Amino acid sequence: MNALAAADVGELLRLVPVQRAGFALLLAAVGLPVIGVVIVGLDIMPVRFAMMHVALLGIAVGLLTGLDPMLCALVACALAGAGVAPLARTPDGLSGAMGLVMSLAIAAALLVLSVSGVNAAGAFALLWGSILSVGAADLWVLAALAVAVPGLFWWRRRDIALLLHDRELAVSSGVRVDGLTFVLLVLVAVAVAGAIKLTGALLVDALTLLPALAARRLGTSLVSITAWAVGIGVVVNLTGFLVALRYDWPPGPVLVLTAGVLVLAVHLVPERRIASWRAPASASLPSSH
Numbered sequence: 009m010n011a012l013a014a015a016d017v018g019e020l021l022r023l024v025p026v027q028r029a030g031f032a033l034l035l036a037a038v039g040l041p042v043i044g045v046v047i048v049g050l051d052i053m054p055v056r057f058a059m060m061h062v063a064l065l066g067i068a069v070g071l072l073t074g075l076d077p078m079l080c081a082l083v084a085c086a087l088a089g090a091g092v093a094p095l096a097r098t099p100d101g102l103s104g105a106m107g108l109v110m111s112l113a114i115a116a117a118l119l120v121l122s123v124s125g126v127n128a129a130g131a132f133a134l135l136w137g138s139i140l141s142v143g144a145a146d147l148w149v150l151a152a153l154a155v156a157v158p159g160l161f162w163w164r165r166r167d168i169a170l171l172l173h174d175r176e177l178a179v180s181s182g183v184r185v186d187g188l189t190f191v192l193l194v195l196v197a198v199a200v201a202g203a204i205k206l207t208g209a210l211l212v213d214a215l216t217l218l219p220a221l222a223a224r225r226l227g228t229s230l231v232s233i234t235a236w237a238v239g240i241g242v243v244v245n246l247t248g249f250l251v252a253l254r255y256d257w258p259p260g261p262v263l264v265l266t267a268g269v270l271v272l273a274v275h276l277v278p279e280r281r282i283a284s285w286r287a288p289a290s291a292s293l294p295s296s297h
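So for the sequence shown, this note's numbering puts the first residue at 9; every next one is plus one.
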């Protein structure tokens, strides 16, 4: 980056909306990659798409009622996450539940938009993200996730390791699986909704799933994978954001491409002769009780 380009980026970083966007990405890098570890561990990849449709329904309701659309999206996603938690008790219950939620949510959203006369283009536009429009409320949500998600992982690390390894083993080991699954799914749903304004719903993987995928290759335990995921999230978010500012590109796609390149680079590293993180995690981590 030449001196002129560095000066241009420096001038942009003095603008309050740009500073808020950068701070939001830093907060997101602390909490959202850990959510990606949950998504991968529970094997609920469709959750991103399901919550995207639920968020659209919440946005439509918000536009119809005059309430904050993103707040409505957060509430809708939290309720959806809580609603599917009981289905985790059955084999493949979560995967099927996500498909059901996705279908019902998009149908309800389109119905609300159709019968209410709300501008559908405005509702869908919010799903593309608008990182420079991040406000105080968005920062508070991301800050809460940055504290709650890593804190829960550290506090209940043994129980979470067992749950992500095998639900039945967790039950037989005395873990309160239903309550823990409920909390994790609500956090996942809220995190996906909270990331929508940063990257757009279609690109939320850059903040959640991709850092977790890279971290799984580098970590040897749940704790180390979580730490790697946060570190990778910080690098990806800061690098992608600065590149987007430098070339005046949309941040969402740049963040995805940055994260994708890093994931590919990590997978080119020869795999070490280690056991799966899930097995030793349940045995070696100290009890949180």
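Be aware that a few hints might be false.
Simulated DEER-style distance windows between Cβ atoms [what the hints assert, rightly or not]:
| no. | residue 1 | residue 2 | range |
| --- | --- | --- | --- |
| 1 | G143 | P258 | 11 to 21 Å |
| 2 | R22 | L87 | 38 to 48 Å |
| 3 | T228 | L79 | 36 to 46 Å |
It is worth saying that the hints were derived from the structure and are not from the lab.
Computed from a predicted structure; not experimentally measured.
Positions of the beta carbon are idealized from the N, C-alpha and C atoms, including for glycine.
Checked hints:
1. Distance hint check: the CB atoms of G143 and P258 are about 19 Å apart, consistent with the given range 11 to 21 Å.
2. For the hinted restraint 38 to 48 Å between R22 and L87, the CB-CB distance of approximately 40 Å keeps it satisfied.
3. Checked against the given bound of 36 to 46 Å, the beta carbons of T228 and L79, roughly 40 Å apart, stay inside it.
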